[in-house]
Every structure is written in C-alpha cells, then in structure tokens.
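S.K.: One-letter residues, chain by chain:
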Amino acid sequence: MKAVGFLMLLAGWFLVLAAIVLFAAPPLQATFVLAGIAVETLGLILVFRSHLIPREEKR
Amino acid sequence: MNVGLGRSRSAGHMMMASLSALAVAGLAYFVCGFSWQGFIGSPAHTLSLSGKSWNWIAAEPFFFRKLSFDGSAASLAALFQIFCVGLAALIPLGSGADRWRLRASCLSTGLLAAWTYPLFAHWVWGGGWLAQLGVNYGIGRGFLDVGGASSIQVLGGLTALAVTWILGPRLGKYSADGMAPAIPGHNAVLVLFGCVLALVGWFGLNSAGAILFTGGEPSGSAMIAINTMLAASASALTAAFITKIRFGKPDASLTANGWVGGLVASSASCAFVIPAEAVVIGSIAGAVVIFSVEWFELRMEVDDPGGSISVHAVSGIWGLLALGVFGQFQRPVLNVAGDSLPAAMNGIASGQWLAQLVGVATLVGFVLPMTYGMNLLLNRFYPFRVSVEGERQGMDLHELGAGAYPEFVTHTDEFLPR
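As given, the protein sequences belong to chains X and A, one line each in that order. For the first sequence, my numbering assigns the number 25 to the initial residue and increments by one for each residue that follows. For the second sequence, my numbering assigns the number 5 to the initial residue and increments by one for each residue that follows.
One or more hints might be untrue.
[Unchecked claim] Here are the simulated lysine to any residue pairs, SDA-like style, with alpha carbons at most 20 Å apart: (1) Lys248(A) x Trp299(A); (2) Lys248(A) x Leu196(A); (3) Lys26(X) x Ile170(A); (4) Lys26(X) x Glu305(A); (5) Lys56(A) x Leu39(X); (6) Lys56(A) x Ala42(X).
[As the list claims (entries may be wrong)] Ranges of calculated distance between the beta carbons of each label pair, as one might list FRET restraints: (7) Glu81(X) x Gly142(A): 49 to 59 Å; (8) Pro185(A) x Ala48(X): 51 to 61 Å; (9) Ala48(X) x Ser76(A): 34 to 44 Å; (10) Ala62(X) x Leu302(A): 20 to 30 Å.
If you are wondering where the hints come from, they were derived from the structure by calculation, not from laboratory data. Glycine included, every Cβ here is placed at the ideal spot set by N, Cα and C.
Let's have the full structure, built from the sequences with the hints guiding it.
M.R.: Right, here's the structure in full:
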C-alpha cells in the first residue's frame, strides 16, 4: 500500500506537468491540474494509512 | 524551540544536533549545493518540451569557484542561501527529537543541503521551470515565493514527515489501548523565547527574499516587516483563542506553534498583500496549525514532538495558496531572465492561483517521495533510530555521555508502564 501511495503521488505530479505542457486553454489546464492534485491526495491518504501503527506494535 | 519542546534528557543532544545540522548544511551547500541551485540568469541545464525551454538545474562549478564576492546579487544570494539551507535543515530535527541518532541526522542533513534543497530552490529562486511558468505558459507570473515558504519551510516540513515515518513514534507515545498521552516539552520559556528570536530573523528572511528574488526595493521592507508581524500576531492569538475555547486555558506550546505558523504563512506573500490580508492569512494559519497538530498526532499517529510538520509544511502550503488568492502585483516583479515584468493591470495576475497550485503539487508529488526514498535508503545503511535502551536513558547520556542539566537527577520514565 505504501509503494502504491508513493507511485500515486508521482503519477499525480506527472498529470500536473502533462496538463501544463499539453493544454493551452486555461480552463482545460486548470481542470487537469486539479485532477492531478486529486490523484496526489488519494496517494497521500494511502501513504498515511500505510504508516498507521499496527495494534500489536503499540507499546 | 526544538530544545524546549523535547525532553530534558535529550536537550543537549538536540542543541548539538542543531549546531551540527547548520555546519553540515553550510559545508554541503558550499561544496555542491550552490552549483545546482545557481541564481537568476546563471548557466543552467535545460530540457525542451513542446517547444519551450524547461530550466531544471543550474550548472555552476562546485565550491563557489565562479562566484565573485563583489556585492553582486549572485554573491548576496549565496550568502542568503547558506543561511536558508541551514534553516531548512533544522526543521526535521524537531520531528525526530528524542530518538534520532546524531550521525544519522547529519547524514540526512547532507542529502537535504546537497541535493533536495538546491534542486527545488533552483526551480523557484534560480529561474527554474516553476518560475518560468508565467513566461513559458502564461500562468500568472510563474510560481512565486518571497521568503522561502516553499523551498525552506514546506521542503523542511515534508522532510520532517518522511523522517518521522521512518523513525516511528517515541516509546510510550501510542499504547495498545488506543491512548496517545501528551509528552510535554520540558521548557516553555525556551520555546516562547525562540518565538521572539524567530520574529527578528523572519524580518530579514522575508525582506532579503523580496529584494533578491522578486526585484523589490529596499524601501518596501517596512511593509514586509509589518505584514510579517501582523500575520504572526493574528496566528498566535487565534491559536491561543482556540486552545482556550477547547481546553479551558490557552496552551503555551500550541500558541508558540501558531506564532511560527503565522511567520511561515507570511513568507510566501508578505511583499504582495496589504496588512489587512496579512491578518486574515495569519488567522487562518493559526487555526490550521492547531487542528493539524491534533490530526497528525491522534488520527495519523505521526509523533512529531516539535510540531514541525504542521507548522512548516501545512502552514507553508496555506501561505503559498494564499498568495494565489490574495496576491496583488502593484509593482514590477523580477522574471526568470532578470528583467522586470510590469505591474498587473488591476493588480491581480490572472492564473497566479494555478501557478501556486502547480508549485504545491510539485512539493507533495515529487519532493515528498524523493526525500522519503533518499532517507529510507540512508536508513538501510545507517539506521536512524537509537536503541530502546538509548531512548530510555536519554539521548544526552547515550550519545554525548553527559546530560544538559547535570545538577538535576530525574530520569524516571513517567510515560512508560511500570
């Protein structure tokens, strides 16, 4: 889950870069940048969840 | 501040780690950091994408060899940056307090100062692709950050998050019954005095950043200092008010976190907002810091003794976004070639919010995985965390062989089950 989360962070960032390079129209550019940030948010949620401490390791 | 927010048995170690981090950061930046960061208009490596030139890293020689110390903007920027990189290196120490080995923290600092910081700072302050967004793609005036909210604060805060994940929580922080007892800092006086010192430093940080990287006039420093002061004041009072409402009494350490959070949030936009907007930015930063500290500690089980992640990363991200919302460009702004972009027609640059979003997305989507990966690799070769015995004994005695307060005999561990 941790690796997938980090990959999603990178994927979201690439989506943001692609939006800048591929789209000239500001609304389309903004939409894809926001989509990239949404993917990053999902990745961040996964990374945070993967770092929750298992019950048996709490001391 | 980091010393006061940690335990007394690790106070000397924290001070030593801070001094070592400053030293390592300065030297690493001298060896290769500046060569990869460069300055606006200096030689750089570029990529060509869709017919546009993307400046991704500077190409200065190592050891400041081509830098002439004649009062030029580049030499002043090098002086400014050698302090900035030290400041960024101090941020993760607060998160790793009471359990991060000294040599490991020095190695991690070396990575930050030699690679992570210079790379991102080049993109923002060295004429890199984030700064080029306005010139290349017409997105606002490109990603803007006056005083280092992104390159110093958010970068340091995200490194702190990565280090905290790798280290894990302190012993006794999270118990099997789901409780997360507070482990209070050992010296509130040091923490609050640190806030006062930080204010003075921030005046210089924001003013110098505005002059060097946005082409501001020295006469604009008065407004920058006022905005900095107002943001910190509004943030601290908001934090004190919220903690009074929630806990019955204002909390000193959270109010201190609020104060620094306000300073951090002011860094991005202090040269481009009016004082009333600085108050709004600071107020929101104060609230964001308080709830963020609680969320990280209780919900996400991230043990961050210094509150560095909330204060520097979260508040910094808010400050960067606030520039996109409130920023007014009544004066010309320095562009990536060192020329001045004229003042905006109505003061508002269209698309600035999008440029700021791209910068934040880069920090979270690229810098965080990179710094986590580098520190994880380093941890494989040189484990970050001190032994269980060392943590119980305290970092001072275990790593330095002497306590910070030798005349006091304490060290019963009140946070561990007996």
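S.K.: Each hint should be assessed against the structure and marked as holding or not.
M.R.: Here is what the structure says about each hint:
1. Lys248(A) x Trp299(A): With Cα atoms ~18 Å apart, Lys248(A) and Trp299(A) stay inside 20 Å; holds.
2. Lys248(A) x Leu196(A): holds (17 Å)
3. Lys26(X) x Ile170(A): holds (12 Å)
4. Lys26(X) x Glu305(A): The hint holds at about 15 Å.
5. Lys56(A) x Leu39(X): holds (18 Å)
6. Lys56(A) x Ala42(X): Holds, at roughly 13 Å.
7. Glu81(X) x Gly142(A): 49 to 59 Å: Check passed, 51 Å falls within 49 to 59 Å.
8. Pro185(A) x Ala48(X): 51 to 61 Å: holds (55 Å)
9. Ala48(X) x Ser76(A): 34 to 44 Å: holds (38 Å)
10. Ala62(X) x Leu302(A): 20 to 30 Å: holds (26 Å)
Consistency with the previously given hints is maintained throughout, with no hint failing.
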